[in-house]
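Chains as they are written, first to last, in my numbering: chain A, 21 to 152; chain B, -18 to 76; chain C, 12 to 131.
The set of hints was computed from the structure by calculation and includes no laboratory data. Among the hints, erroneous ones may be present.
In silico negatives: residues of chain C with every beta carbon more than 10 Å from chain A [said to hold, decoys possible]:
#	residue
1	Gly29
2	Lys76
3	Ala94
4	Gly100
5	Leu121
Pairwise CB distance ranges (calculated) [unchecked claim]:
#	chain 1	residue 1	chain 2	residue 2	range
6	B	Trp54	C	Asp115	14 to 24 Å
7	C	Asp85	B	Leu47	39 to 49 Å
8	B	His19	C	Ala98	20 to 30 Å
9	A	Asp79	C	His109	18 to 28 Å
10	A	Gly106	B	Gln4	15 to 25 Å
11	C	Gln88	B	Ala68	21 to 31 Å
12	A	His118	C	Glu116	45 to 55 Å
Don't be surprised by glycine CBs; every beta carbon is placed ideally from N, CA and C.
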Amino acid sequence: MRFSLLVSSPPADSYGSDPALQFARAVVRSEHELHRVFFYGDGVFHGSALAVVPRDRPDTAEQWAALAAEHQVDLVLCSASATRRGVLDRDEAERRAHPAASAHAAFALSGLGQLADTYLLGDRIVTFGGTR
Amino acid sequence: MTLLHTVNSDASALTDCLSALSQGDALLLMQNAVYALHSRPAELAILGSRNIRLFALHDDLAARGLDADAIDWVETASYDDFVALAARHSVCAWY
Amino acid sequence: MSETSVLVILRSPPYHAGRSKSGLDLAMAFAAFDIPVALLFMGDGVWQLSPGQAASEIGAKSVEKTLASLPLYDIEQWYVDAAALAARGLDGIALPEHASRVDDETLPTLLGRFSQVLVF
């Protein structure tokens, strides 16, 4: 089966290992496939390259990036959620004449259409929401 | 179609989820929802009789110093079990 | 692939961390891609149906107005948890014609009729 994830919880919600990341790692070590992780709402903070993580804590964006590189997973930040929260890739930053890009290079910004597409493809979609 | 429901808090998310469960569904408690094994046992213990399997995520229990071994109406699940359950059922996350 | 259908459950009150807006944005995106979408208002989500919302008082966009616009996006299959309305003293409010009240027995069966269920 092909899985995709919809993550709307911010990284700080999970004081230890992020549940979405733990699940993603369990998918790639199973017989199933992980296709895409779509970050929505506050979930887009997973893709910020500018977060400064305490030395004894894992860097969420780097962890996702490593998983994606090893297993060919699409990491997608909802563009409306991301731009509103200041998570911009190079294209968006240039287009809006902002001084810098803030999205990690492993993440791509895309519209909600891509999420709808993921549903149409029939992936098994698992949501990880925040706690408020 | 049966569903795997996930719940990550023991407050209104669990209340709303419980009112939406159907026979043959499964319920996985994760993050703070694992406390519900102790705070709301009456609502959870009866799920088995409705043919609804109840699971609690092992890592979240262990992190909080909880042990579900003595509770006979709940099964402990690893993340690998979570993936296997999600492959069997469509997943609905309550948060 | 035509079997994809989505039930969006709205269980949060309006103006709460943008949750109802997030759910409605997704519902509209699905509808724009011709994915059949239905809404289920349950729990505190039924507060979204409460009339007379003056959202501008808190600088917000009116959820009431957004809901009223949904038929334009072909989102006209609404279900409302009757017990949740009653528990909040809202049983008397007028619901649009395309909304059906569901009781405790019917509500769980609704979820199984869709290929995907999303909660906001």
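Practice task
Determine which of the earlier numbered hints do not hold for this structure and return their numbers in increasing order.
Solution key: Checked against the structure, the hints that fail are numbers 1, 9 and 10, while the rest are satisfied.
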